[in-house]
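Residue numbers (the working numbering), protein chains in the order written: chain Y, 1 to 823; chain W, 824 to 1280; chain C, 1281 to 1380.
Don't take every hint at face value.
As the list claims (entries may be wrong) - Pair by pair, the computed Cβ-Cβ distance ranges are:
1. 944(W) - 774(Y): 55 to 61 Å
2. 789(Y) - 923(W): 54 to 60 Å
3. 1221(W) - 796(Y): 39 to 45 Å
4. 1376(C) - 944(W): 26 to 32 Å
5. 789(Y) - 1225(W): 38 to 44 Å
6. 1222(W) - 774(Y): 30 to 36 Å
Quick caveat, the hints were computed from the structure, so don't treat them as lab data. Values in this document were obtained by computation on a predicted structure and should not be read as measured data. Glycine is no exception: its CB is placed at the ideal position from the N, C-alpha and C atoms.
The primary structure of each chain is shown beneath.
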Amino acid sequence: MQNLALIAPLIVLIPAIGAFINFTLGPRLSERFVSIIGTTASGLTFGVAALLLVYLHNNFYQPVIVNPPLINGTWISIGTLEISWQLRVDTLSVTMMFFASLVGTLIHIYSAGYMHGDARYARFFAYLNMFLAFMMLLVSANNFVVMFVGWEGVGLCSYLLIGFWWDRSRGAGWRNSNAARKAMIANRVGDFGVMIAMFLIFWTFGTLDFYKPNEVVNVNAVQRLAEGGADDSHSSLLLTSTAAQEDHGEEAADGEHAEEGSHGPAAHLEYTNNDHLALRQMGVFGQTDRLMALGEDETIDFGLGEMRGRTIQVGQYSFDISLMLVLIVLFLLLGVAGKSAQIPLFVWLPDAMAGPTPASSLIHAATMVTAGVYMMVRSNVFLYHSDVASFIVTLVGVGTALVGGFIALGQFDIKRVLAYSTVSQLGFMVAAVGIGAYPAAMFHMITHAFFKALLFMGSGSVIHGMEHGHHHLHGDHKDGHDDHGDDHHDEKAHHEEEFDPQDMRNMGGLRHKMPVTYWTYVIGTFALAGIWPFAGFWSKDEILADAWEVGLIRGELKGFIALVLLIAAAAMTAFYMWRQIEMVFHGKARHEAAKHASESNWMMTLPLIILAVSSFFVGFINVPSGVGIFSFGLENMFGGLHSLADFLEFSIAKFHIPAFQPVLAIMTMIIGVTAMFIASRIYGGGRAVNKAGKDPLEADASTAPIWSIANARMYWDNIYERVFVQPFTRVAEGIAAFDWNILHDYFHDTILYKGFNALGSFLSRPVDLGIIDGAVNGMGRLVRGTAGLLRQAQTGYVRVYAVMLFLGVVVVVVLMLLPMIRG
Amino acid sequence: MEFLLFAGIGSLAIIAAVAMLISDNAVYSALFLIVNFLCVAFLYLMLEAPFLAMVQIAVYAGAIMVLFLFVIMLLGAEKTASKGNRSFRWLPGIAMGLALAFVFSVGAAISSGNVDGQEPPPQDAFVRFVHAAPVRADIPEGASEAQLAIAERRFDVLVNGTLAVSGLEFNDQRGVNERYLRLSPGEYTLTFSPAGTEVPFKTLALTLDSRDSTTVILHGESDAGLTVTALDDDLGIPQSDRAHVAVFNALDGQDEVRLINLVSPLVDDWRQVIPVSEPVAYGTRSAAIPVDPSIAGSLVVIEGGSETAVLEGNFRPVLVRFNNIPGLSLDRQQSFLYILTGQRALNGGLEPLLITREDPGALAYGDPAAVGIRLFTEYVLPVQLVALLLLAAMIGVIVLTLRKDIEPKPSRLMRRKVSRPLTAVISTQTGSDLGPSVPQIEAPKSASGGQPEPAGD
Amino acid sequence: MVQTEAFIILSMILFALGAMGVLIRRNPILVFMAVELMLNSANLALVAFARQWGHSDGQIFVFFVITVAAAEVAVGLALIVAIFRTKQSINIDDLHLMEG
């Protein structure tokens, strides 16, 4: 049984193979085949995740570190840095795996119909599979570096998927690619944060592994488990497993790292705490615990004779470890802000709606954006030990929740509203992480995945119906038109008016035209707003209960802030969601297209129904104790009260479940219902859009300024444009101008080219021709001149020669006789 | 008187030269030049160069001028030339000037210099060595090499320290001339040392002048008595056609010797003896005595004595009879030096021996024989080279005057068709171009070599 | 005997006459004859000195000179013949082809 964990590498491998096949062979295969490959890969991934879940269930939720075969051994080994391709199979990662692959599979099925007829059909499925592979790698990594590989990979896939329709005509393609670029850049800023955090982690701890082998994550839980446990849920674990543990204790296939999770209760658990481990043998989180427990000058044995204390040496500077932790968490927060769309990097998420709806709903609702939250949950030890950092995290999360909710109030695009709603809900999750409610954050993540996906797909269905109505209206009976976002604007150029099927002002009264969509949408809205007994109620309430406990009972400021402001954000959520319902489904149709809209086909409505049902039931995986009959006993479907929390307990060191606060729950629900009521008063009854086409809040003078800020998306994008993009563009243009005009034109043309020519002509004419040739030719001329002069002595006449001869003779004779003549 | 002759002949030569120069007729000029040559030949005779005079006449006047005349006739150059160009008007003036300059300078040199007093450059002197000391009778045993050499009378001659003659031995060659050792004039130290060693045994200081001819004779019987004597070969004999004889007494033990003519016919029971030479003391030489070749057979060297004793018939025993010397002939006009020495007889005694040396002496100056001898001994190489030159000149002349274009006498047949070259004919008939390899037949032109227009001076 | 100086003077006069003849006369054959005259004068000087010094080397040299003169005359006259066969003129002034 323990060997089952060895299939963990398949969870990355299967979607990778599927992506590879669709990349290489896809264009040549039929659409059906491509979709089958993609969906099968995704389904198999889900199967592996389920198997891993079973494995863990049979293994007392003990984590396992799996070394993938064929790449056994270290990936990077530089000095003391050792990073290996290790996968971690523990409850947290399996939770993520399970839900991500489940949603992913559903999206694959949805896309099979949605993307029908697209030119790059196979590419899309390849991207989806690739995304799934990277996501799986992200959540199953055992160290920060491998997680970062998955982190960047999902960022890449998000870019590819957002900009999938980059080749649309008339500017739509540019819109898509700009959105993709925006997402990439925002993510990149976040990646920078994660990288700096990783460097700091390495400097502080000397390793980047989460947990090393034989390390116990949650000592309390394990000890409770070993002792038989007073918790009834644990006893159930024990009861079911006692009989089946006889054959445990054998070594794993690769004997180097014995899976420590292969231990049974009490006698079979090898270690119940980490005291036997030296610091060197622990991952970053274990080291943090120990180091933070040290006093000012205390040192503990690192292993191999080295002693370490609270002081961390970075170059020539030394810091206390608490300061390091703060820095680490803040840089990780930067990463989360990029990936999970927090302030200040959330601006990419609304624009990401330019991508195909499956991509939007999968990635930007359910999976990718949760990666940041996952990382935070994984780093719970850091947050626990650093009050300052967790306070800031809480603030960021709360602020995001408020900002997102506020902007959603003023949007008219149906998908924009949902996008900002996602931002807001992510803020909820990050705030929960900030106050220490890790299981609550995970719970909310899961439930949010379901109902947000439901809402997105519902909006897709609405848009689809609007387009159908539009065609019907204009006698265009082309079938097979799916909503492809803004593309319809361009393809319908022959229409006199611009028709945006996503604009809620054009909708209205669709509840009768698209009932299934309507009712599933309503369920999703209730779930999102946190209305009992839908999923959002349980998860949002968990967070608020935690905030209550942290803020009011424990008295920490962050909890108090979180409590108050999250309640406000929840109210806003309910308000804008009901506004949307009123505008879209209630009232009268405000456009001809809405009048003629019709329900989508079963391929689109079926997943809606499934998701709606799931949105109802998924909330019961983590029912808090003390609810009583209000949970209808449905928690027993999933193994009892807070079974998710129990599941996650062994993976989260600083595990904490709040007590159920009934007052809080009731109050929250009342606030939500009230908000919905107010919304129905403002927007209901045909008042959704007044005569001038304005929103009621916009028309009202007292609320108009606030509303316009919300409509303008709080000028976030404008500010970024002004502060970052324009200066950057100007600098780039300036440099380009410099390069072209000065370097190219002046330097190259004038100085280099002309200078070289001048030098060449100088050397060739005056120097070479003048001096050198002159010298050489001059020599020749000199010789010729002299010869010309001298040759005149050669007259050719014998007698002249004879005269010369005789003259010479006389001269010689005279010279020779001179002494004699004298003497 | 001689000078008058010279002046006359000289003037004649000058006049002939001038006439040659100003004559219009080339043949006249040649004849005048011949006259000049004859004058020069006569002057050669006056200068005691008979050979050259004859050569001058034979070659110059006889051959060269004849050649000149031939060519003049051939070219028809005897006539006066046309006016010719007058472009060289300045030339006679300059020539006159240069000639006068030459004459004046040489004349000044002659008048201020001392032509007659010029010393000829020194010529080499000749030295020859004659070993006239007989070998000792007893040769010691076990003596050193030097002593052995001395005993065997083997000597090396070192001239100023360097070995000149090695292994000079007592030889009894007769009538053979030796090569002379040529030495430049100066002072020399001749050292006789035992052969193989360089230990001086006997030394002689010698001063050599230019063209001296010296004979160095080693004579003596005993070791201590070995003497080296140098004789000047110039016997001081004038030029005559008679042989001369001189005797050197190198016979140790004979104080005097005498050369007499022993005449055979008996008169009054007296042998007619005619003393030829004076008594010659040991180690000296007699004067040169002219000797009639007819008395060659009756020359005898006797021991010295007074004349009276000889006349009285009371003469000492004959030492050497000349007719015993084979190969000796007094026919030639030569001078002989006879060296009287002795050789060891079997009984240990000393028998007289005559070593003959021809006197190189002063060869007759200007003697054709002398010139011939010198030509073919010292100047052989130049003679051969000149002969080669003559040969080359002959060939050159033939080549130069060869006429390549010996065209056959144009036949009448060809004369008709001469207007059309053969090449064209062939080419039109065969259609092929034979090219320029076929020589063109030109119309005859100046077959006689050309009768040039009368050209002269 | 006659002074050597006299002979030298005679030789000198003859040489000068010969040189003048070379320069003045236009007929090449006559030029040649003047050259012979010069040679002869040199020979005379040689013999005179030989007699003065008593060497016969001078005479031997004269012998060579005479021989070489003979050869030279032969070749020279052949040249003249060859040249003037083509030129048809016996004026050395007409020979100036080798002018520079």
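We went through each hint and held it up to the structure:
For the hinted restraint 55 to 61 Å between residue 944(W) and residue 774(Y), the CB-CB distance of approximately 59 Å keeps it satisfied. Hint check: residue 789(Y) to residue 923(W), Cβ distance near 31 Å, so the stated range 54 to 60 Å is violated. The beta-carbon spacing between residue 1221(W) and residue 796(Y), approximately 28 Å, falls outside the hinted interval of 39 to 45 Å. Checked against the given bound of 26 to 32 Å, the beta carbons of residue 1376(C) and residue 944(W), roughly 45 Å apart, lie outside it.
A hinted range of 38 to 44 Å for the beta carbons of residue 789(Y) and residue 1225(W) is consistent with their spacing of about 41 Å. Our hint of 30 to 36 Å for residue 1222(W) and residue 774(Y) is violated, since their Cβ atoms are close to 51 Å apart.
In the structure shown, a violation is registered for the earlier hints numbered 2, 3, 4, 6, in ascending order.
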